[in-house]
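> Residue numbers (my numbering), protein chains in the order written: chain A, 1 to 317; chain B, 1 to 510; chain C, 1 to 351.
Hint data in this document are derived by calculation from the structure and do not stem from the laboratory.
Accuracy of the hints is not assured; some may be wrong.
[To be verified] With a straight-line Cα cutoff of 20 Å, these simulated PhoX-like cross-link-like pairs (lysine-lysine) come out:
id	chain 1	residue 1	chain 2	residue 2
1	A	Lys300	C	Lys232
2	B	Lys364	B	Lys380
3	B	Lys269	A	Lys306
4	C	Lys127	B	Lys269
5	A	Lys306	B	Lys344
[Claimed, not checked] Now the in silico label distances, taken between C-beta atoms and shown as ranges:
id	chain 1	residue 1	chain 2	residue 2	range
6	C	Tyr128	B	Lys120	55 to 65 Å
7	B	Lys344	A	Phe149	31 to 41 Å
8	B	Asp92	A	Ile282	51 to 61 Å
9	B	Glu489	C	His222	36 to 46 Å
10	C	Asn3	A	Ser65	47 to 57 Å
11	C	His222	B	Asp247	48 to 58 Å
12	C	His222	B	Thr60	36 to 46 Å
13	B	Lys138	A	Leu148	56 to 66 Å
Treat the numbers as computed from the prediction; the structure is a model and nothing was measured.
C-beta atoms are modelled at their ideal positions from N, C-alpha and C, and glycine is treated no differently.
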Amino acid sequence: MWTTIEQIFPYAIAYTIPLLITALGALFSERSGVVNIGLDGLMIVGSFIGAFVIFKMQAQWPGQSWVLWVGLLAAAAASALFSLLHAFASINLSANQIISGTAINMIAGALTIFLARNITGSGKISITNGFAPFDVPWLSKIPIIGDLFFTKTYATTWLVLLVLVLSALALYRTPFGLRLRSCGEHPHAAEAAGIKVQSMRYVGVMISGAFSGLGGAVILLTYSGEFTGNVAGLGFLALASLIFGQWKPLGILLATLFFGFATTVANVSQVIPSLAVFPPVILKIFPYVVTLVALVIFSKSSNAPKAVGEPFDSGKR
Amino acid sequence: MDYVVEMVGIRKEFPGIVANDDITIRLKKGEIHALLGENGAGKSTLMSILFGMYQPDRGTIKVNGKEVRISNPNVANKLGIGMVHQHFKLVDPFTVTENIILGSETRKYYFGLDVKSAAKRVEELSKRYGLNVDPYAKIEDISVGMQQRVEILKMLYRDAEVLIFDEPTAVLTPQEIEDLQGIMRNLVKEGKSIILITHKLKEIKAVADRCTVIRRGKTIGTVDVADTSREAMAEMMVGRSVSFKVDKQESSPGKTVLQIQSLTVKNSKKVDALKGFSLDLHAGEIVGIAGVDGNGQSELIEAITGLRQAESGTVNLNGKALNGLSVRQRNESGIGHIPEDRQKRGLVLDYTIEENLILEVYNKPPYSKNGLLQPAAIRKHAEHIIQSFDVRSGTGGRSIVRSMSGGNQQKAIIGREVERDPDLLIAVQPTRGLDVGSIEYIHRRLIEQRDKGKAVLLVSLELDEVLNLSDRIAVINNGELVGIVKTSETNERELGLMMAGYQKEEAPHE
Amino acid sequence: MNNSVKSLLAVLFGLIAGALLMALTGHNPVEGYKYLIQGGLKNPERIGNTLATATPLILTGLSVAFAFRTGLFNIGAAGQMLFGGFCATAVGLSLDLPRALLLLVMVLAGFIGGALWAVVPGFLKAKYNVHEVVSTIMMNWTAYWTVYYVIPAYFKGTSLETESRQLPPDAMLHQQWLSDMFQGSYVNLGFFIAVIAVLIVAFLINKTTLGYELKAVGFNRHASEYAGIAVKRSIVLSMFISGGLAGLAGVAQYAGNASSMQIGVLPSQGFDGIAVALLGINAPLGVLVSALFFGILYSGRGFMNAMTEIPPEIADSIIAIIIYFAATSILIERLYRKLKLRRAANKKQGE
C-alpha cells in the first residue's frame, strides 16, 4: 500500500498543479463577480501558445531551459489577452456570462487547431522537452515527507504553490483583495465606496485568463509534451474545484488535490493490484459524482460571492 | 448667506423620462433640511447627482460657495458629502470595520491592509456619537438598525460634513426611529448638516428645520417646518388637497370567514417566526395587522396562503380546514392574495398583461380546453379587468408587464384577485412605493370589497394606512399577537407601544 | 432592433471573421467560401448529407432552446446525447424485433436515456437549488466515462477496441428510398424525427397550458409558486423534455448518421446546440434554420479542405465566432441606437 502511494504521489501532484492554478485564477474572476466558464478554452489557448513559442524557440536554441520559462510567460500573456473577450462581453455588454464563456471555449477549441494545422498540418504541436522532474536537495532526504513531497518535483509546482500563497495574501490581507471581493459580493456598495467596479472585474477576469494560460502550459511542460487541441476537460474540473473548495484558497487546494488523486488513481488502477478490484468506470466517474454530492451538501450554506454572474449596472439600485 | 450645499436649476433626463426638471435646493450649515416628495418625484435622482452617481444635464452645484463638478462618489467624499442609502451599501460577509474602510483603506507595509488602527478609530467615532457599534462584528450578524449606524459611521470616518439620509426610517422600529432622530440631532449639534429625504410628514415635523418640496421633478417651494402645517406640506407635495382620512361607513361584520388558531410557523432560518397566533376575521370587515417589519407578518400570510408549511395550529376558511391543502386548492376555496412583493411574487414580469391576468386560472375553462390555451377567452378576460380597474399600459393586453409603472402593475394584480371573487382578500403592503393617486384608488377598492361583504386582511408597515382602513387592528410583535383593538378606540401612541411589545393596559375585548 | 436581424448580423460578422482568418493564414477566402458552400449544397447527395449533418444539431439546439425558454441552462446536451445514443445503440444491438417496432423502441430508449441523464440535474436544481450549469457538466463527464467503459465491456466491435459493434441494418434509421432520392446520401429518418420534434416543441411552448406553466416557472419561480404551479415538478419536467430531445440527437447521430458508437468522444453537437439555440433566438423554427445553416458549414468543410487545403476547423471557428457575436449583439444594438440618435440630431440641426 505504502509503495503504491509513494508511486502515484508525484503523478497526482503533477496532475493537481494545473488544476490548482486554473481554479485559483477563477477564484479571482468569481470573487470580482464574473463567472468564468471559459477556463477550458483559456487553458487550451495557453497550451497552444506555450507549445508554439517553445516549438519555435527550441528550433533556434535547442536544449535551453530558459526557453520553457519564456513559453510559460507567453502562455499566461496570451490567455490574459484572450480572456478580454469574455471580460468585454460580460462587463461592458452585460452579456450572459455562461454563453460568453461557452463561446470562449468553442473559439479556443476551434481556432487553435485551425492555426496549428496551418503550422504543422497535423494540428498537433510537439515540443522536444519540457521541465524535468528533480529531487529537492536536502529536503528529499527527510523520511516519508521527503519521498512524498520533495522527490520528482517540477519547478512549476513550486511556482504555482508560491502563487497560491501570494494569492491568498492578496485576497485577504490587502486593500486590493478587499476591493475585489466587495465587487463580487455587493458591487453597488463597492461603487458607493468609490471603487471602479468594472476595472476590478477586468482585473479579476484577466488574472483568471493568465492563470488558466499557465495551467494549460504547465500541462504541456510537465506531463503531456504536446499540444493536441484540448485539455481533457480540465477547465471544467477546475471550475468544479472552485465550487468544491467553496471559493477559498485553501479549499481550492484541497479540492484540486482530491481531484488530482482521484484521477491519478483511476488512471493507474489497472496496473496496481490493490486498486484493480474496483471497476475502472467507478473510479473514473468518482470525482464527478462526488462533486454532485458536494453541490448538494453546500447548497444550503454556499460561500459563493453573492453578486457573481450578475451584470453590474450602476443605474440600477 | 452661508450655504454648505446649493443645487440650482438641476435637470436630469433618462431615456423616456425627465426625472429632474429645474430643481433648486439650498442647505444651510447646521440644519436638518427635509427633501419631501412622492415616490417617483425625483428625490433619489437629485441626491444621486449630489453624490456623484449621475451627472446633471443642466444646472449648477455649489459646495461652500464654490461651484463644483461631482463626477463620481469619490469626489463627493472629498467635498465632505456622505450618503446613507435607502438600501444599505454594506457587504454582508465583511466586518463593520472592513465595510467602513472599503475604498479608503488604511495600509501597512505599503501593500498590506491595516484593520487594527482603523477599528480603533471606528470605536472612537462610535463612542463620540453614541452609536455603540462593535467594529469587529460581521454585517450579516447585526440588526438592521445597527447596519444603518454602520452607514453613518462610514460617512463620519470620511469626515463628511454634509450627510444625506435617503428614507432612513423605512426599515426601522418605532424605537429605532426615535434613536435615529436623536443621533441626527447630535450630528447637527456637532456642526454637521443633514439632508433628509422622505415622504413622511411626521418625521419632518419631528426633526427637520426647513423643507423643500418637489413634485414631478420640479421644486414647488422651501418652507420653515415650524410655521407650516402637515396639511399644507402634503398639498404642496401632491398638488391638491389630500384628506388623510378615508371615507367609509361603520362596518357590519357577518359570519366568521377566516379562523386562525394557535398557528406556529418557522421562517427560512428554522426559527419560530410566528408563535401560537390566533385571529378571527368576519365577512364585511377589514382587519389590519400592525407591526414592525419582520415580526412574523410574512410567515403568517404565507401559512394562510399555503406558500409555507405551518408547524402547528389550524387555519379554517368558511369553517373548512385548510391544513394540508396546496396553494392552488386554497386559492380555489376562496382566498385572494395581493402579495407583498408584486414583482417577485405577484407577476411574471416577462409575460404580457393578458398572460398575467390568468396566472391562477390558466388551466381552467374558459381559458384552457383540453390542455390548450384559449386566446380569445384570455383576451376578453384581460380587457374586462384592464377597463374596470383602470390599468394603463402602452399596448393594452399585449404589453409586457415589465414595461408598466408600479401603480399599474399593482392595479392589475388587485383586479386579478378581486375578479376571482374570493371570500377572503389578503392585501399585503398594497400601496408600497405608489403615488398618492394610486394609493387613494386602491384604498377605495379595498373598502368596496369590505362593503360587498368580503373579509379583508390587511398587512401594512405604514401605521397610518392600517388606522385609516381597518375596522379592527391586530398588533403583532416578535411573532406573537400582542392584542386586538377596535380602530375607533385606539390611537397611534397606543399602537406604537403595542408594536414594541407592551400589552394593552386593559385586557383585550375579544 | 429585431432579434432575427441581430442573428443575421452575427452570422455576417462570423463569416467576415472567417474570411479574415483564411486571408491571414494565406488562403483565398472567396475560394474558401465557394467550396464550402459547394461542399454543402452542390448536388442532391451533398444536400442530403447537409440535412443529415444538421439533424443532431436541430435536436440538440431544440434541447438547449427548450431549456432556455423554461429558465434553465442545459449545457449538458452533449452528455445526454451520448447517453441517449448509447441506450438506443444498446437496444439496437440487443433486441431482435421487427424493424418498425425496433426503431420505435430505440427512439424511445434514446429519448428516455437522454431524459434521465438530464433529470438528475433537474432534480438537484428543484430540490436543492444546485445550479444546473455545473451539474450538467459533471453529468457530461460521467456519461463520457460510462460509455467509455461499458461499450468495450459489453458491446465491443470486431476490429477496433474503441468502437461498438455495427448496428444491424434493421436497427438503423437508414432508408433506401431516401438515400436514392438524394443520390446515395446518408440522410436518414432522423431528419424527419427532428422536424417532427420541432413542430411538437413549437406547439407545446406556444399553445398549451403546460407550456404556459413551464415558461412561467422559468421566468419567475416565486410568482409560479404563488400561482399554485408545482414548481419543482415543472423544473424536473423541463429538464426531462430537454434531455429527451438531446437523447434523440444521439439516436439520429449514432443509429442514423453513423452505424456504431466510438468511445472517448463527447459529441461536439452538444455544445454546438448552444450556438444553434442562441442563433435561432430559442424559437423552434429559428433552431431549425440555424441548424441547417451550421449543417452546410460542417458538411461542406471536407470538400473545401480537399480543394483548398484550408483546415476544416475553419467551420468550427466560424460557428464559435458567430456565437460570440450573438452573445454580444447588444453592442450592435447600442451602435445602431447611437447612429439613429446622431442622425436625428443632424436632421434637427439641418432644419
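> Next step is simple, just say for each hint if it's right about the structure.
Do the hints match the structure? See the list:
Taking the CA atoms of lysine 300 of chain A and lysine 232 of chain C, the gap is near 17 Å; set against the 20 Å cutoff, the hint holds. A threshold of 20 Å between alpha carbons decides the hint, and for lysine 364 of chain B with lysine 380 of chain B the separation of about 15 Å falls inside it, so the pair holds. Only pairs whose Cα atoms come within 20 Å are accepted, and lysine 269 of chain B paired with lysine 306 of chain A is accepted, the gap being roughly 18 Å. This hinted pair checks out: lysine 127 of chain C and lysine 269 of chain B have alpha carbons roughly 17 Å apart, not beyond 20 Å.
Under the criterion of a C-alpha separation no larger than 20 Å, the hint pairing lysine 306 of chain A with lysine 344 of chain B is consistent with the structure, at around 18 Å. For tyrosine 128 of chain C and lysine 120 of chain B, the Cβ-Cβ distance of about 44 Å falls outside the hinted range of 55 to 65 Å, so the restraint is violated. A beta carbon spacing of about 52 Å between lysine 344 of chain B and phenylalanine 149 of chain A contradicts the range 31 to 41 Å that was offered as a hint. Remark: the range hint 51 to 61 Å for aspartate 92 of chain B to isoleucine 282 of chain A is contradicted by a beta-carbon distance near 41 Å.
A hinted range of 36 to 46 Å holds for the C-beta pair glutamate 489 of chain B and histidine 222 of chain C, which are about 39 Å apart. Distance hint check: the CB atoms of asparagine 3 of chain C and serine 65 of chain A are about 54 Å apart, consistent with the given range 47 to 57 Å. Evaluation of the 48 to 58 Å hint for histidine 222 of chain C and aspartate 247 of chain B yields a failure: the beta carbon distance comes to about 36 Å. The hint said 36 to 46 Å for the Cβ distance between histidine 222 of chain C and threonine 60 of chain B, and at roughly 45 Å that hint holds.
Taking the beta carbon of each, lysine 138 of chain B and leucine 148 of chain A are about 38 Å apart, not inside 56 to 66 Å as hinted.
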